[in-house]
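> Now for the letters of each chain:
2 protein chains.
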Amino acid sequence: MNTSEFRRRGKEMVDYVANYMEGIEGRQVYPDVEPGYLRPLIPDSAPQEPDTFEDIINDIEKIIMPGVTHWHSPYFFAYFPTASSYPAMLADMLCGAIGCIGFSWAASPACTELETVMMDWLGKMLELPKAFLTEKAGEGGGVIQGSASEATLVALLAARTKVIHRLQAASPELTQAAIMEKLVAYSSDQAHSSVERAGLIGGVKLKAIPSDGNFAMRASALQEALERDRAAGLIPFFVSSAALVAPGNKEDMWLHVDAAYAGSAFICPEFRHLLNGVEFADSFNFNPHKWLLVNFDCSAMWVKKRSDLTGAFRLDPTYLKHSHQDSGKKPAFNIFLTDGPFHVSFQHWQIPLGRRFRSLKMWFVFRMYGVKGLQAYIRKHVQLSHEFESLVLQDPRFEICAKVTLGLVCFRLKGSNKVNEALLQRINSARKIHLVPCHLRDKFVLRFAICSRTVESAHVQRAWEHIKELAADVLRAEKE
Amino acid sequence: MNTSEFRRRGKEMVDYVANYMEGIEGRQVYPDVEPGYLRPLIPDSAPQEPDTFEDIINDIEKIIMPGVTHWHSPYFFAYFPTASSYPAMLADMLCGAIGCIGFSWAASPACTELETVMMDWLGKMLELPKAFLTEKAGEGGGVIQGSASEATLVALLAARTKVIHRLQAASPELTQAAIMEKLVAYSSDQAHSSVERAGLIGGVKLKAIPSDGNFAMRASALQEALERDRAAGLIPFFVSSAALVAPGNKEDMWLHVDAAYAGSAFICPEFRHLLNGVEFADSFNFNPHKWLLVNFDCSAMWVKKRSDLTGAFRLDPTYLKHSHQDSGKKPAFNIFLTDGPFHVSFQHWQIPLGRRFRSLKMWFVFRMYGVKGLQAYIRKHVQLSHEFESLVLQDPRFEICAKVTLGLVCFRLKGSNKVNEALLQRINSARKIHLVPCHLRDKFVLRFAICSRTVESAHVQRAWEHIKELAADVLRAEKE
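For the record, the sequence lines run as chains A and B. Numbering follows our numbering, with no gaps: position 475 of the first sequence is 475. Numbering follows our numbering, with no gaps: position 325 of the second sequence is 325.
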């Protein structure tokens, strides 16, 4: 495909995308296909000779779309929102064209520098403490990770390196393995599985701390666990929490705050209090790719001391420190070490080496919405979830299962888990709306998450009418 | 921005991208900016009210482009190639619009299923042993990772889990830490730093094995290291290698073959022999996002036993196995566990939870180029590197430093490291072409990598004339 064909096909694709977005409400939100549906529809190996673009664009509707779960349908209320906006899509087109791999400053200075500034912009929108920003040449800074899972893992590894260095400095005879055997990380018993996975990868114990009535980690329970574990000769070193706990008891522990979904709301002054205490954290992370209109992937992470991250990943700090003065012995494969004197080289802040020019998406979105536009977007979603909550509360057959703060409503039929499972099954089989469940303690609960950029009150009302009808069916069937 | 404005702006962006690509040869390949150039050019916080699209598109040329290293310029010969093609860009537009997060089959069946089939297509192009494919419902399979670093880490973690389980099954009293303390992984002393980083993250020792005259791991040296380490009570468990070594000595070791750059060439029968012996590997990885025209990120990884990967990452295998029969006790946060009975749930194959619909890029590229078109692309690059090699060989002042097999030429002035460093500095200061160096043993070497999709013989010839001129300057300056 040459450039003039790309001009033509690119514009056709823009129209395809626009048509898809305009018509998404008319598509069935969850697909009908059975596992294995796709393989028989396409050849079993790649063609030797090129297919035409017409062949491919026709196959999208024939082969791909029948198997798509439409995350941006206004009838999609499952999981969490995932961001989708036109400015982000435009930025992604530019990102693909520039196609730089920004592992170092020299690999594309604009890629590193715009990211640094955008993370400051975003940090200021959240009123993060200045210690997390780069602009005043302090010790902190922000970086775009691919996912909250990676941010949690990076934080845990940085904490692990730090505690090992500290203990070995005091007792040089201690081996890394001897220390690791005693390390303990903590998270809430309601935490996302990514924390458990980070512990697994990092080779350290992870303990779940009981949560309170609002499903947040109980500070007193954490304190008890710390005391019990220290008394048993273990070494607590890391806490991952969605909210701030026990800042007075840090004692050389790394505190990571993960607000993957909720973080976007903190740009609104009325929700900022949920982040109070972040000044005690060593690292903070949330996902603009969830609720801030920056298409996946864009997980924003800040640390107070960026040397904690680079210390965990930089393989030969001594060499690198001198790479511009010293022409002596160098590692064999040093093609990535051609950094200028600029202090930020994001390869040392993350798991992969390569990275795309993701800050372009933030730049386009922040500028084309403006802070006020983004705040209005968050507020609209929160308002819609309260609208759904009040509909649920008006129906005595139903109950709300957790306080509604942002865009998520956890609700259920008063009654057994079985009847709620039956209700969910009817909802997802009907395929008019899409929900997924969760368990809160022993209760099977339906989650109604405000997700789509285009969801309006009318969709919420229709969804509720539909749920009520199916609930009546389920309750009738139960009686029979 | 509403849909009708997106139609208009999207088409403008298509033209911007097309113009950028058409005019890239005229842009200076490496930027003039100094570290910190960007921050003063933009406001220090996000605007409250929206900016217009015109403002943003104008700022691209004013603020971004002056700081871009143009990886797709035909005068870019640095690092390794990174893929850029129009079909991949079109697919990325569609990927952004669908915007699904394909962690499970149910999260978007087409996303999981197309990936499975595309990894089979690609595996067949490489003539991978059938054990690595999914199509015959065997135990193997392929997955798209974000980078070779992640593939290496995933392989190492799977190997670590496997050896720990095996040893604990034999000796239940062994703790994980007691085993990890003795684990040793091996790679070539010429290996990419990602292997060292995987060892660091995984908390295991990594030993570098001396390489031979072609900079490949010496099998005899590996064998000696294994024997020495076993005699010392250590537990060798993992080898990462760019080529196949010592298959006869596997003895419960995991063999990971990383052909990040070279792998794309194996679709040509004349280069396939470089992959001989892959049948002994447990995992194999290469990056279509380097040299196979599938834009970053797309790192292709296959394993012989996919249960080895899912065993390392799946957090509660017992629960998940029964998730469709059992309505009993479930973990609190189970919204991601809504898988159908389909056997592939890629969240258990990788570090992050979320993932984009990256197989669309493979599908578009494989179909629009056809296997023959992709082979022709690889062959053209290899031919250009041999053309450059022969130019170097015609000049008695220069030498070739490693056998030229694919698209990379390592060369230098006969003489000191200092004179070669001076040459490289002149080249990159002139900014007409862009190269980076490496060290081969103690020698400072210039790397000339054929990178751009649009590079032609004329660009290579011009680059060589330019290098010769600067070399003459350097040699003259040295004499003075």
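Don't take each hint at face value.
Said to hold, decoys possible - In silico DMTMM-like links for lysine to aspartate or glutamate, alpha-carbon gap of 20 Å or less:
1) A:Lys130 x B:Asp44
2) B:Lys372 x A:Glu34
3) A:Lys372 x B:Glu49
4) A:Lys124 x B:Glu465
5) B:Lys11 x A:Glu54
6) B:Lys11 x A:Glu5
7) A:Lys182 x B:Glu181
8) B:Lys130 x A:Asp32
9) B:Lys11 x A:Asp44
10) B:Lys380 x A:Asp44
11) A:Lys372 x B:Glu173
12) B:Lys136 x A:Asp55
13) A:Lys11 x B:Asp189
14) A:Lys136 x B:Glu34
15) B:Lys443 x B:Glu49
16) A:Lys11 x B:Asp442
17) A:Lys11 x B:Glu22
18) A:Lys432 x A:Asp442
19) B:Lys443 x B:Glu465
20) B:Lys205 x A:Glu135
21) A:Lys136 x B:Asp44
22) A:Lys182 x B:Asp189
23) B:Lys136 x A:Asp44
24) B:Lys124 x A:Glu421
25) A:Lys11 x B:Asp15
Quick caveat, the hints were computed from the structure, so don't treat them as lab data.
> If a hint holds in the structure, say so; if it does not, say that too.
Hints, one by one, checked against the model:
1. A:Lys130 x B:Asp44: Given that 20 Å is the threshold and the Cα spacing comes to 13 Å, the pair holds.
2. B:Lys372 x A:Glu34: Judged against 20 Å, a Cα distance of about 34 Å means the pair is violated.
3. A:Lys372 x B:Glu49: holds, 6 Å
4. A:Lys124 x B:Glu465: Distance ~51 Å between Lys124 of chain A and Glu465 of chain B Cα, so the pair is violated.
5. B:Lys11 x A:Glu54: holds, 19 Å
6. B:Lys11 x A:Glu5: holds, 13 Å
7. A:Lys182 x B:Glu181: Holds, at about 13 Å.
8. B:Lys130 x A:Asp32: Cα-Cα ~31 Å, so violated.
9. B:Lys11 x A:Asp44: violated, 35 Å
10. B:Lys380 x A:Asp44: violated, 27 Å
11. A:Lys372 x B:Glu173: violated, 60 Å
12. B:Lys136 x A:Asp55: The given pair, whose Cα atoms are some 27 Å apart, is violated under the 20 Å limit.
13. A:Lys11 x B:Asp189: It is violated: about 49 Å lies between the C-alpha atoms, which goes past 20 Å.
14. A:Lys136 x B:Glu34: Since the Cα atoms of Lys136 of chain A and Glu34 of chain B sit roughly 18 Å apart, the hinted pair holds (cutoff 20 Å).
15. B:Lys443 x B:Glu49: violated, 56 Å
16. A:Lys11 x B:Asp442: This hinted pair is violated, its Cα atoms lying about 52 Å apart.
17. A:Lys11 x B:Glu22: This hinted pair holds, its Cα atoms lying about 17 Å apart.
18. A:Lys432 x A:Asp442: With a Cα-Cα distance of about 28 Å, the restraint between Lys432 of chain A and Asp442 of chain A is violated, given a limit of 20 Å.
19. B:Lys443 x B:Glu465: violated, 24 Å
20. B:Lys205 x A:Glu135: Answer violated: Lys205 of chain B to Glu135 of chain A is near 38 Å, above 20 Å.
21. A:Lys136 x B:Asp44: With a Cα-Cα distance of about 11 Å, the restraint between Lys136 of chain A and Asp44 of chain B holds, given a limit of 20 Å.
22. A:Lys182 x B:Asp189: Cα-Cα ~32 Å, so violated.
23. B:Lys136 x A:Asp44: holds, 11 Å
24. B:Lys124 x A:Glu421: violated, 43 Å
25. A:Lys11 x B:Asp15: Given that 20 Å is the threshold and the Cα spacing comes to 9 Å, the pair holds.
Hints 2, 4, 8, 9, 10, 11, 12, 13, 15, 16, 18, 19, 20, 22 and 24 from the list above are not met by this structure, while the remaining hints are.
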